[in-house]
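*Asks:* For the sequence shown, the working numbering assigns the number 2 to the initial residue and increments by one for each residue that follows.
Hints may contain errors.
What the hints assert, rightly or not - No more than 25 Å apart at the CA atoms, straight line, and that leaves these computed lysine-lysine pairs for DSS-like: (1) Lys-467 x Lys-543; (2) Lys-217 x Lys-347; (3) Lys-259 x Lys-343; (4) Lys-200 x Lys-166; (5) Lys-278 x Lys-218; (6) Lys-259 x Lys-543; (7) Lys-391 x Lys-540; (8) Lys-524 x Lys-294; (9) Lys-278 x Lys-217; (10) Lys-200 x Lys-343; (11) Lys-209 x Lys-343; (12) Lys-387 x Lys-524; (13) Lys-543 x Lys-391; (14) Lys-467 x Lys-374; (15) Lys-570 x Lys-294; (16) Lys-323 x Lys-294.
These are computed hints drawn from the structure, not numbers from a lab.
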Amino acid sequence: MTNQSEMTNYLQTFVEGMISSGVEQAVISPGSRSTPLALLLHRQEKIETFIEVDERSAAFFALGLSKASSKPVALLCTSGTAAANYYPAICEASASHVPLIILTTDRPHELRQVGAPQAMDQFHLFQSHVKEFIEMAIPEGTNVMLDYAYWQGMRVTDTACQTPKGPIHLNFPLREPLLPDLNQSLSVERQTEIFAGQKQLSEEQLLKCVAAWQEKKGVLVVGGSHTLEEAEVFIELAETLNWPIISDPLANITSCSKDSSLIMSYADLFIQEVEMKLYPEVVVRFGMLPISKNTMLWLQSLNETTTIYFVDETGEWQDQLKQTQVAIQAEEQIFAEAITDKIKTKTSDSWRNQWVDWQETTEQQLAELSEMKTLNETTASILVHKKMAKNGQLFVSNSNAIRFLDRFTASENNHYHLFGNRGINGIDGIVSTALGMCAINPDRQNVLLIGDLAMYHDMNGLLLAKRYNLPLTIVLLNNNGGGIFSFLSQRQLRPDDFEPIFGTPIDLDFSLVAQLYGADYVKAESLEQLELVLEATQKQPKFQMIEVVGNRQENVLLYEKVISGLKEKLGKK
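Please model the entire structure based on the sequences and the hints provided.
*Replies:* Next up, the structure:
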């Protein structure tokens, strides 16, 4: 058997292992050393492949594919700095528990540390940001090594999908010649079934929780990303207990279309402005903290009379506040459903009513403001939320965009899925991740809500939309700079310090960006016009950019006006 034949069989067998554990898609960045794996993946009928020349964009695109499909995705590049460009997306995948299978190709051992071109140390390149690193053996054609290749492909993919999910890195040293034998079929076709269990509490542990929660004054706090089905389970638990529920936008509580007066969608606005007559006896947190800083500060202010439960299915102890008194390591949805079934008596309505009153008072305050009836970044974000189609997909960028949704949106009856990159909270790779989301369901309404700096940071990703005809609607909130800093302490700086370092105006004409990548372009001039364009995307998705020109100071003044009005209405001066 020739070296070419041995390499082909070895790598084909590895790919079969990945397929056995659920890999259906791969993102490939072209290069020389990765040639054999790239060709074999591209020719594999069971795997859909996408090609992206920019490795950073490719990695975020794979991240979006995996987020939207809830399946592992393979990611392949050549040797050298190509793999280093994966780093931001790998960090995000690790923090947000997304199963990526990172395949880097490398010089063989005899060409390392000797000055060979395009050679660098790729061992443990991503350090602790991957669940596991494997240096694959040089391809051989023996049955033992074919078993090894298949087993590794199957095992690492399954490991990436086990809770806590996350990326895994495999490094493939490959010798020349690099062209595989494309006419060669697998010597042995394999398939392995994998049955995995779920982490649950015992009956005794569940009953302890029921006894501690039932009829108590409590609050549910749901952070992190959740599916629509999980969101409905959390709301049902809140209704059963008669407890208010505070959540992160990505928890999909306000977008799952399940109506409940217990959903405190405006908690970020009111929770620091109210005089609480009754405090919670129990707080039950699911997952990471929500985005709201005001919610975090409120939780920090609770004293020892409140018992904090933390439901952490990852088992990673990600309790930023370190307040946990009872840690529950179980699958969140299964646990919530089990508790719901066992609760027999609700908490009194007096506890519920004060929260509902705060929510309704905030809603009234927002309705009274004239600024909420004209086009600005806040109202544009609210309108995007309201005009999402049933089963649509919205990707929201970090910084201001997600905060507008967190502070100002209420539950809508449109049942759409909201995604974001809140693991590391970076603004890099947002466009590419959203396009990965779009590629999973291109027939649905797909929208990206993003600021101008995040858009600029990942303009390369727009090539994916052009190449694969991905009908993403981009709603661009353009305040010509870093609008988030106008809300932070940096705004106290002198203009000549603030503007170049934090304001960072980029002065780009985004109509030319749209033209470059073949997107339709619309500059929204009014809420009515924006509404018509968004309604059209529900019926006919297409690749387009809708620019909303905003003002950084205007965003701050509106927020301060809301808070001032709430102080007056809620009686806290």
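*Asks:* Next, verify each hint and record whether it holds.
*Replies:* Here is how each hint holds up against the structure:
1. Our distance criterion of 25 Å between C-alpha atoms is met by Lys-467 and Lys-543, whose separation comes to about 11 Å.
2. The suggested pairing of Lys-217 with Lys-347 holds, with an alpha-carbon distance near 8 Å, which does not exceed 25 Å.
3. Under the criterion of a C-alpha separation no larger than 25 Å, the hint pairing Lys-259 with Lys-343 is consistent with the structure, at around 21 Å.
4. A distance of roughly 14 Å separates the Cα atoms of Lys-200 and Lys-166; the hinted pair therefore holds under the 25 Å criterion.
5. Simply put, Lys-278 and Lys-218 have alpha-carbon atoms about 12 Å apart, close enough for the 25 Å limit, and the pair holds.
6. For the proposed pair Lys-259 and Lys-543, the alpha carbon gap of about 29 Å is over 25 Å, so the pair is violated.
7. Distance restraint check for Lys-391 and Lys-540: the Cα-Cα separation of roughly 11 Å lies within the 25 Å cut-off, and the hinted pair is therefore satisfied.
8. For the hint pairing Lys-524 with Lys-294, the CA-to-CA distance comes to about 32 Å; that exceeds 25 Å, so the pair is violated.
9. For the hint pairing Lys-278 with Lys-217, the CA-to-CA distance comes to about 15 Å; that is within 25 Å, so the pair holds.
10. Between Lys-200 and Lys-343 the CA atoms are separated by roughly 18 Å; this keeps the pair inside 25 Å, and the hint holds.
11. Restraint check for Lys-209 and Lys-343: the C-alpha separation of about 11 Å stays at or below 25 Å, so the hint holds.
12. Simply put, Lys-387 and Lys-524 have alpha-carbon atoms about 20 Å apart, close enough for the 25 Å limit, and the pair holds.
13. A distance of roughly 17 Å separates the Cα atoms of Lys-543 and Lys-391; the hinted pair therefore holds under the 25 Å criterion.
14. Between Lys-467 and Lys-374 the CA atoms are separated by roughly 35 Å; this puts the pair beyond 25 Å, and the hint is violated.
15. Taken as a hint, the Lys-570 and Lys-294 pair is honoured in the structure, with Cα atoms around 22 Å apart against an allowance of 25 Å.
16. Taking the CA atoms of Lys-323 and Lys-294, the gap is about 16 Å. The hint holds against a cut of 25 Å.
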